[in-house]
Amino acid sequence: MSLPRIGLCLGDPGGIGPEVTFKALLNLTSLPSAEYIIFTYPELIDFWSNQLNLDINPLLSPSNTSQKITFTPVSPPQTKISLGQPSAANGDFSFRAFTQAIEQARQGKLDAVVTGPISKYSWSLAKISWRGHTEYLNHLYPQAIMSFWSKPLKVALFSHHLPLHQVPPLITRENLINFFQTLHQAISQTKFPIQKYLVAGLNPHAGEQGLLGEEEIKELIPAIQVAQKAGLPLEGPFPPDIVCRQALHQENTMVIALYHDQGLIAFKLVAFTEGVNITLGLPFIRTSPDHGTAFDIAGQGLADPTSMQEAIKWAYKLISNSPDNAL
Numbered sequence: 001m002s003l004p005r006i007g008l009c010l011g012d013p014g015g016i017g018p019e020v021t022f023k024a025l026l027n028l029t030s031l032p033s034a035e036y037i038i039f040t041y042p043e044l045i046d047f048w049s050n051q052l053n054l055d056i057n058p059l060l061s062p063s064n065t066s067q068k069i070t071f072t073p074v075s076p077p078q079t080k081i082s083l084g085q086p087s088a089a090n091g092d093f094s095f096r097a098f099t100q101a102i103e104q105a106r107q108g109k110l111d112a113v114v115t116g117p118i119s120k121y122s123w124s125l126a127k128i129s130w131r132g133h134t135e136y137l138n139h140l141y142p143q144a145i146m147s148f149w150s151k152p153l154k155v156a157l158f159s160h161h162l163p164l165h166q167v168p169p170l171i172t173r174e175n176l177i178n179f180f181q182t183l184h185q186a187i188s189q190t191k192f193p194i195q196k197y198l199v200a201g202l203n204p205h206a207g208e209q210g211l212l213g214e215e216e217i218k219e220l221i222p223a224i225q226v227a228q229k230a231g232l233p234l235e236g237p238f239p240p241d242i243v244c245r246q247a248l249h250q251e252n253t254m255v256i257a258l259y260h261d262q263g264l265i266a267f268k269l270v271a272f273t274e275g276v277n278i279t280l281g282l283p284f285i286r287t288s289p290d291h292g293t294a295f296d297i298a299g300q301g302l303a304d305p306t307s308m309q310e311a312i313k314w315a316y317k318l319i320s321n322s323p324d325n326a327l
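Going by my numbering, the first residue of the sequence shown is number 1, and it counts up by one from there.
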């Protein structure tokens with residue numbers, strides 16, 4: 001039986017993505033049996049092994065025959081990468097490595113892609129029009145949904161990387177119903193037993209019956225009622241300040257947050273090290289650590305690889321379609 005093929009992108013080469021990736025792989029005994037394909041170039045591997053004083057020889061010839069590590073070449077940027085800060089060279093490399101891995105996944109050559117954290121500002125300096133991984137995937141697959149998974153809490157985002165003032169106009173019955181249906185369908189294609197969705201309100205106290213905002217009365221409640229009649233297990237809208245608390249440690253429950261920070265402040269508070277970003281609605285698996293580039297500690301050997309390890313484990317679980325947490 002062939003090993004699952006998991007592509008690994010290092011993320012921004014000047015952030016902690018390379019460090020957490022190499023640290024995770026150097027602890028192969030903690031990872032599932034798979035072939036791990038790293039998208040990079042030799043000089044970058046040498047740079048990071050010297051910077052962190054890491055012996056990467058175990059990556060080149062793993063002793064465990066149930067695990068394999070290979071490298072897919074990505075051409076280096078035309079100018080030197082910048083350690084500890086965003087740059088056009090960093091953005092250029094991280095984008096090309098990512099799109100190369102995604103193209104292989106689309107062709108069926110990879111079962112999953114695990115992406116290290118990128119800098120959206122590096123992408124903008126490199127004249128890349130997409131704000132991040134999920135926005136690029138949305139370009140290819142309009143139904144792609146950003147979600148965050150951990151044992152204590154699971155969150156799906158109705159909107160992604162948008163300025164806050166752009167969120168309220170998106171909250172329409174049609175958009176909400178379409179999102180609820182798409183999310184439930186994507187979850188149903190896995191064997192992960194989400195049995196209840198708790199929908200956050202937009203306004204304080206979920207609008208307080210229209211006193212603090214009318215989006216709940218005019219759009220959210222009617223959309224939830226339509227979804228409920230169609231058999232979707234939705235409840236809400238709940239006041240945003242308590243909805244995550246109600247879902248906490250309820251393994252079969254997922255929060256639907258209407259905008260980025262509404263869901264992620266609570267999620268990162270309870271699951272910062274082990275939380276994982278999973279893009280739903282794709283024909284292949286894509287996961288990522290829950291943290292950013294952490295430029296302030298890049299190259300110092302201080303980065304914790306736990307979230308990257310969890311992202312790899314979740315990719316394997318989704319490939320095998322098994323909710324078993326004991327990997």
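The set of hints was computed from the structure by calculation and includes no laboratory data. Only a predicted model underlies this, so the values are computations on that prediction, with no experimental measurement involved. Keep in mind that the hints are not guaranteed to be accurate.
Cβ pair distances, simulated, as ranges [what the hints assert, rightly or not]:
no., residue 1, residue 2, range
1, Gln-300, Glu-208, 43 to 51 Å
2, Glu-208, Lys-80, 54 to 62 Å
3, His-160, Phe-71, 16 to 24 Å
Calculated pairs, DSS-like style, for lysine-lysine (alpha carbon to alpha carbon, straight line, at most 27 Å) [said to hold, decoys possible]:
no., residue 1, residue 2
4, Lys-23, Lys-109
5, Lys-268, Lys-196
6, Lys-191, Lys-268
7, Lys-268, Lys-23
8, Lys-68, Lys-313
9, Lys-151, Lys-313
10, Lys-151, Lys-196
11, Lys-80, Lys-109
12, Lys-191, Lys-229
Virtual Cβ for every residue (Gly too), placed ideally from N, Cα, C.
How the hints compare with the structure:
no.: 1; hint: Gln-300 to Glu-208: 43 to 51 Å; verdict: holds, 48 Å
no.: 2; hint: Glu-208 to Lys-80: 54 to 62 Å; verdict: holds, 55 Å
no.: 3; hint: His-160 to Phe-71: 16 to 24 Å; verdict: violated, 31 Å
no.: 4; hint: Lys-23 to Lys-109; verdict: holds, 25 Å
no.: 5; hint: Lys-268 to Lys-196; verdict: holds, 21 Å
no.: 6; hint: Lys-191 to Lys-268; verdict: holds, 25 Å
no.: 7; hint: Lys-268 to Lys-23; verdict: holds, 22 Å
no.: 8; hint: Lys-68 to Lys-313; verdict: holds, 15 Å
no.: 9; hint: Lys-151 to Lys-313; verdict: holds, 13 Å
no.: 10; hint: Lys-151 to Lys-196; verdict: holds, 15 Å
no.: 11; hint: Lys-80 to Lys-109; verdict: violated, 30 Å
no.: 12; hint: Lys-191 to Lys-229; verdict: holds, 23 Å
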